[in-house]
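All chains, please: the whole structure from these sequences, using the hints.
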Amino acid sequence: MNPELLLLKKEMERYFASIQDDLLREACQYCLDSNGKYIRPQLFFLALQTNHLEYKNYISFALAIEMVHTYSLIHDDLPCMDDDDFRRGKPSLHKQYNEGIAVLVGDTLLSDAFFVLSQHPNLLETILALQCLSACIGSNGMIYGQILDLRHQNSNLSLNERFHIDCLKTGKLFEYCLVLPAKLANQSEKEIQLYEKLAHLLGMIYQIKDDLQDEQNVGMDLQQILFHYQNQVQNILQELNLDEKNELVVFIQNYF
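In terms of the working numbering, the sequence shown opens at residue 44 and continues consecutively.
Bear in mind the hints are in silico, worked out from the structure with no lab data behind them. Where a beta carbon is used, it is the ideal one built from N, C-alpha and C, also for glycine. Fair warning: there could be bad hints in the mix.
Stated by the list, open to error - PhoX-like cross-link-like pairs, simulated, lysine-lysine; straight-line CA separation at most 25 Å:
1) Lys-226 / Lys-240
2) Lys-52 / Lys-80
3) Lys-53 / Lys-80
4) Lys-133 / Lys-252
5) Lys-240 / Lys-288
6) Lys-288 / Lys-252
7) Lys-80 / Lys-133
8) Lys-252 / Lys-80
9) Lys-133 / Lys-52
10) Lys-233 / Lys-80
11) Lys-99 / Lys-53
12) Lys-226 / Lys-288
13) Lys-99 / Lys-138
14) Lys-99 / Lys-80
15) Lys-99 / Lys-226
16) Lys-288 / Lys-233
As the list claims (entries may be wrong) - Restraint ranges, calculated between C-beta atoms of paired labels, are given here:
17) Asn-199 / Ala-178: 27 to 35 Å
18) Ala-178 / Glu-97: 21 to 29 Å
19) Asn-197 / His-95: 42 to 50 Å
Encoded structure:
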């Protein structure tokens, strides 16, 4: 495990220790400290590095995004949403405990994510992070994508409609990971917009690869669409003047 993730794990342990109730702490540990790939924190750390910022100064910002991502998975798995019994190779939280505990743990992680952000020592950076996170996950972000997905569960959506939902549900969290470091580094509006577009493309690619793995949407030429989006990603990386040896570029090529 790289040093960034080791430090993130230590910060996670401090967070667990702050939870007074034993059951709540145990349930939070069950889902947050699991077999996840930590793709979002890693994207965030690498974007910090690309923008010449020290990752050690922003561990709480990375923990917050993993907490929000985990909360979203917990609630997505509930019977009233996607009704999934397994997550990351083990029973979903509502199957391991019960639905009430799952709702409360999700609520806890979402609420505490903002508290974790608020502990950052630089007030202006804290406000920037709070604004960025709330915009990415709120009524015009991830939640918007989720409600569109819920509303159209039994509808025959066009590819563009499906990808719009994917962009909101998945790409908005990637947006926090890529855009926030650019804003912290006072990059130009053009660069910030490029990172935003990159995040949305990664969200769609991530979901397409997931659909291909699950053999969903049979009959659609998703592989061709995937290549198209991957080419667009390469074009954006070139516009950002990031060479092929840049660690963010390498990570994106490996995971997307």
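message = Please list, smallest to largest, the hint numbers that this structure does not respect.
response = 10, 13
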